[in-house]
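S.K.: Listed below are the residues making up each chain.
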Amino acid sequence: MSGTKNTYTRRSTVNRLAAENVTLAYDQRVIAEQLSVEIPDNSFTVIVGPNACGKSTLLRALSRMLKPRQGRVLLDGQVIQSMPAKKVARTLGLLPQSSIAPDGITVADLVGRGRYPHQGILRQWSTEDERVVQASMAQTGVAELADRHVDELSGGQRQRVWIAMALAQQTPVLLLDEPTTYLDIQHQIDVLDLCAELHEEQGRTLVAVLHDLNHAARYATHLIALKDGTVIAEGAPNDVVTAELVEEVFGLRCQVIDDPETGTPLVVPAARKARARVVATEAS
Amino acid sequence: MLVDSPPEQRAETAPAPPTRRVIRGLGLLVSLVILVLVALASIAIGAKGLSPEQVWHGLFQDTGTYGDVVVDERLSRTILGLLAGAALGLSGAVLQALTRNPLADPGLLGINAGASAAVVTAITYCGVTSLTGYVWFAFLGAAAVGALVWFLGGSRGATPVRLALAGTAISAALYGYLQAVMITDDAALGRMRFWTVGSLSSATDSTILQVLPFLVVGTLLALGLARPLNAVAMGDDTAKALGANLNRTRALSMLAATVLSGAATAACGPIAFVGLMVPHVVRSFTGPDLRWILPYATILSPVLLLGADVIGRVVARPSELQVGIITALIGGPVFIFLVRRRRTAQL
Amino acid sequence: MKSNRVLRAPGGISLRLDVRAVTVVVVLVLAAFAASVVLIGTGDFPISAGDVVKTLAGNGNAGQEFIVNQLRLPRVLVGLLVGASLGLGGALFQAVTRNPLGSPDVLGLGQGATAGALVMIVLFSGSAAQVTVGALVGGLVTGLAIYLLAWKRGVHGYRLVLVGIGVSAIVTAVNGYLLAVSDIVDAARALVWMTGSLNGRDWDQVWPLLGLCAVLVPLVLVNARGLRMMEMGDDVSSALGVRVERVRALLMVAAVLLTATATAAAGPVSFVALTAPQLARRLTRSPGPNLLSSLCMGAALLVTADWASQRAFGADQLPVGVVTGVLGGVYLLWLLVTERRAGRI
Numbered sequence: 001m002s003g004t005k006n007t008y009t010r011r012s013t014v015n016r017l018a019a020e021n022v023t024l025a026y027d028q029r030v031i032a033e034q035l036s037v038e039i040p041d042n043s044f045t046v047i048v049g050p051n052a053c054g055k056s057t058l059l060r061a062l063s064r065m066l067k068p069r070q071g072r073v074l075l076d077g078q079v080i081q082s083m084p085a086k087k088v089a090r091t092l093g094l095l096p097q098s099s100i101a102p103d104g105i106t107v108a109d110l111v112g113r114g115r116y117p118h119q120g121i122l123r124q125w126s127t128e129d130e131r132v133v134q135a136s137m138a139q140t141g142v143a144e145l146a147d148r149h150v151d152e153l154s155g156g157q158r159q160r161v162w163i164a165m166a167l168a169q170q171t172p173v174l175l176l177d178e179p180t181t182y183l184d185i186q187h188q189i190d191v192l193d194l195c196a197e198l199h200e201e202q203g204r205t206l207v208a209v210l211h212d213l214n215h216a217a218r219y220a221t222h223l224i225a226l227k228d229g230t231v232i233a234e235g236a237p238n239d240v241v242t243a244e245l246v247e248e249v250f251g252l253r254c255q256v257i258d259d260p261e262t263g264t265p266l267v268v269p270a271a272r273k274a275r276a277r278v279v280a281t282e283a284s
Numbered sequence: 285m286l287v288d289s290p291p292e293q294r295a296e297t298a299p300a301p302p303t304r305r306v307i308r309g310l311g312l313l314v315s316l317v318i319l320v321l322v323a324l325a326s327i328a329i330g331a332k333g334l335s336p337e338q339v340w341h342g343l344f345q346d347t348g349t350y351g352d353v354v355v356d357e358r359l360s361r362t363i364l365g366l367l368a369g370a371a372l373g374l375s376g377a378v379l380q381a382l383t384r385n386p387l388a389d390p391g392l393l394g395i396n397a398g399a400s401a402a403v404v405t406a407i408t409y410c411g412v413t414s415l416t417g418y419v420w421f422a423f424l425g426a427a428a429v430g431a432l433v434w435f436l437g438g439s440r441g442a443t444p445v446r447l448a449l450a451g452t453a454i455s456a457a458l459y460g461y462l463q464a465v466m467i468t469d470d471a472a473l474g475r476m477r478f479w480t481v482g483s484l485s486s487a488t489d490s491t492i493l494q495v496l497p498f499l500v501v502g503t504l505l506a507l508g509l510a511r512p513l514n515a516v517a518m519g520d521d522t523a524k525a526l527g528a529n530l531n532r533t534r535a536l537s538m539l540a541a542t543v544l545s546g547a548a549t550a551a552c553g554p555i556a557f558v559g560l561m562v563p564h565v566v567r568s569f570t571g572p573d574l575r576w577i578l579p580y581a582t583i584l585s586p587v588l589l590l591g592a593d594v595i596g597r598v599v600a601r602p603s604e605l606q607v608g609i610i611t612a613l614i615g616g617p618v619f620i621f622l623v624r625r626r627r628t629a630q631l
Numbered sequence: 632m633k634s635n636r637v638l639r640a641p642g643g644i645s646l647r648l649d650v651r652a653v654t655v656v657v658v659l660v661l662a663a664f665a666a667s668v669v670l671i672g673t674g675d676f677p678i679s680a681g682d683v684v685k686t687l688a689g690n691g692n693a694g695q696e697f698i699v700n701q702l703r704l705p706r707v708l709v710g711l712l713v714g715a716s717l718g719l720g721g722a723l724f725q726a727v728t729r730n731p732l733g734s735p736d737v738l739g740l741g742q743g744a745t746a747g748a749l750v751m752i753v754l755f756s757g758s759a760a761q762v763t764v765g766a767l768v769g770g771l772v773t774g775l776a777i778y779l780l781a782w783k784r785g786v787h788g789y790r791l792v793l794v795g796i797g798v799s800a801i802v803t804a805v806n807g808y809l810l811a812v813s814d815i816v817d818a819a820r821a822l823v824w825m826t827g828s829l830n831g832r833d834w835d836q837v838w839p840l841l842g843l844c845a846v847l848v849p850l851v852l853v854n855a856r857g858l859r860m861m862e863m864g865d866d867v868s869s870a871l872g873v874r875v876e877r878v879r880a881l882l883m884v885a886a887v888l889l890t891a892t893a894t895a896a897a898g899p900v901s902f903v904a905l906t907a908p909q910l911a912r913r914l915t916r917s918p919g920p921n922l923l924s925s926l927c928m929g930a931a932l933l934v935t936a937d938w939a940s941q942r943a944f945g946a947d948q949l950p951v952g953v954v955t956g957v958l959g960g961v962y963l964l965w966l967l968v969t970e971r972r973a974g975r976i
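Residue numbers (the working numbering), protein chains in the order written: chain A, 1 to 284; chain B, 285 to 631; chain C, 632 to 976.
These aren't lab readings, by the way, just hints derived from the structure by calculation. Being a predicted model, the structure only gives us computed values, none of them experimental. There's no promise every hint is true.
Stated by the list, open to error - Mimicking BS3-like on lysine-lysine, the simulated pairs with C-alpha atoms at most 30 Å apart in a straight line are:
#1 A:K67 - C:K783
#2 C:K685 - A:K86
#3 C:K783 - A:K87
#4 C:K783 - A:K227
#5 A:K67 - A:K86
Unchecked claim - Which bits of chain B does chain C cover? Going by a derived footprint, with three or more residues having C-beta under 8 Å, they are:
#6 451-457
#7 461-470
#8 613-622
Backbone N, C-alpha and C define an ideal beta-carbon position, used for all residues, glycine too.
Full structure from sequences and hints, please.
M.R.: In structure tokens:
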């Protein structure tokens, strides 16, 4: 439950991705000031927090979409804004919240576009590209859909296609902005299981913004809880997710028990008074 | 939720606290006063300088002197400015509420192009030579294009961009036709190049009388639609829940907007941006309640139009700059400013 | 896409080809050539197609040589270059604004060039050369103004379109005014210019256009891949390593230059910039920017329209701008209906 609010302390492990005292703002609205965050290598880091706490904004800054007004974001020790775009694209993959699938594009083509950072004018489609695309589609389970048009697919399938595209980029670090929104629960778990696989079996570093705290607690190896642009707590879910923290960050009274399946913390919101009274009367 | 009150009552936006209503009412009075002053200015000021005695003489003792003739002319012009201004402002306010799009303006929606194309057709192919003749054509052209843009822009699904694009695209097509005709027919060129610049100077009493019934009907219709439009402006689902008859309100609103802007364009030629700017300004101090926006728009739009006309008369003495130019030169930058202020998602 | 083929060469070189698109380009080039040959042969002194080809190769008689090389060939070359520039410019605008209706016609570049030309004609009674320069400056300034006014931490498609519409309205009013205050002779002259025509175009117009195209077309095509990525949205393409703002700015500058120069050379020829990319897309059935095919389609379209105008109305009777205007208008309305039904606008 360490709060790293205003100071930046270097850890002993080398972290590839970090934000150093950044101030993030859109026009006049300041989202976060003097925020410092380190993404541990080979972790599955999840950023949680209430609406408008700055989690998506932080992810955008980490992925180079948003330039910090002050401070800097470091990738492999270099300031990310001054690195060549393609080099960053070979290291960091991003699954943004909103993406547009061009009209009439097939799944295979869309996944293929993820190979762009590895291609050039004269190297437009190597055998390696072909292999990686097939592997990415197989891994996300969309290989049978290769020739279908993306706009015909369901929400869950489409999301997996976008993930396949991000995978095709073959980046060691993958950033995902709310990958499970708009999906039904089965697909949410599918996507998260896939992320866990990418993390555990392929050794990638994942950073995801999730709005469901229980999902975050179950899958993350490192949790960052944000509120109003400040890090309230960070660390392993077992350490971070406590009833006090949930109340402080989300304003929700709850109790935290162990998830019967995984042993990770499970947040159980407190019942509303009326119903609790009913239950109590029924029980008596 | 209030499940016990009938839908019509629920549709009423909560009455503003008494002080606010009083302030708005006073504001309306003040606007009226401003309007009268601007109208007087419109009569007294012009390319030909007149002394105050001449103006007085012309207004109340009309005996046919030179000064009287000028005053007569200016009086017609002022009356037209009042009527057309009100019509354009109302039409814009109604369109903005109807399309839930603050960037709607009858000019941008191609209505001017429709009127122009119809007028040139009248001149070239129907041998119509007088303004009173082409008023009907202009009106029909405006109405036809209004309806077309409405359908092509997506009617219910109309976003600001779709409507603007549909209007601009249709305008482009119609102006292409206009150019083709003008290039092959000299008489058309001679007449159209004056008509396409909106102006208050070519109107006569007979023109005014021709469009007056439409303007009156349109105004009454628009003012009467204030309350139902309030509901529509909140979104289809909310409006239905509140019991508003969506289709009827929509159709009537479109009708009112087209009749008003069509008649104004028929009499003056195309004048852009009045319908855009005034409702915007009005909305910033009255809020979204159309029961206030519409009356204010009716009074303040003529202020803008007549003001622009006066500026046009003064700035280029001894000739004058038509009002259509002035409104475009003011309105265009205002429009761009408004576009910049909105976040991309809202466009 | 099923029609994709990959060509591989030693040294890790590989090229991805959309066979269908390449076929379309070849067909269009042939069509443009055929239309050009026929157009050169049309006029008060008809020359057969065979003779035209012979003369182009240098084997015609003196009379034919004069007519072909001095009178008609430059006109046709201007037509090809203007069509190509407008086709490519239009495709770029539509790709950057992500909207099939976001064409220079709608954005007011034509109006801007017209303003420049009108200023020259009405205020300065300029010569043809001066009018051309005026038009070029007008178009460039308008393009620049629209881009700058739409810029707000970057340029997004919708804002560009709306600002363009606003600027267009202002400039149209100014044009209307200039047209109204001019004397009737100037007005007639201005109107002729404003309608877009290839009449009287000669080698003076060919060289600047050719030079510009030679520089800009390769530059644009090199960035075509980045543009294709940008279709997926700024976020995704940035993440893939495309320098979005830089590519967009570059392509917009190229598009404005191409459109302004073409308009300065031939007047605002309506609808080519709008329809050529759309028609190209329908032929290639490829959802991407289709830059090369739009370029070829534009060239073929304009030359064919000029030929049609000559055949239908006699030589030099009706400017090609009228024909493209009418055809374009009809096509546009149809496009609006179908795009709207597909929910793509």
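S.K.: All hints are to be evaluated individually against the structure, with a verdict given for each.
M.R.: Results for each hint:
The straight-line distance between the Cα atoms of K67 (chain A) and K783 (chain C) is roughly 15 Å, inside the 30 Å bound, and the hint therefore holds. Restraint check for K685 (chain C) and K86 (chain A): the C-alpha separation of about 52 Å exceeds 30 Å, so the hint is violated. With a CA separation close to 27 Å, the supplied pair K783 (chain C) and K87 (chain A) stays within the 30 Å bound. Simply put, K783 (chain C) and K227 (chain A) have alpha-carbon atoms about 29 Å apart, close enough for the 30 Å limit, and the pair holds.
The straight-line distance between the Cα atoms of K67 (chain A) and K86 (chain A) is roughly 17 Å, inside the 30 Å bound, and the hint therefore holds. Counting residues of the region 451-457 of chain B whose CB lies closer than 8 Å to any CB of chain C gives 5, which reaches the minimum of 3, so the coverage claim holds. With a cut-off of 8 Å between beta carbons, the region 461-470 of chain B has 7 residues touching chain C; three or more are needed, and the interface restraint holds. Judged by the Cβ-Cβ criterion of 8 Å, the region 613-622 of chain B is covered by chain C as claimed, because 6 of its residues qualify and three suffice.
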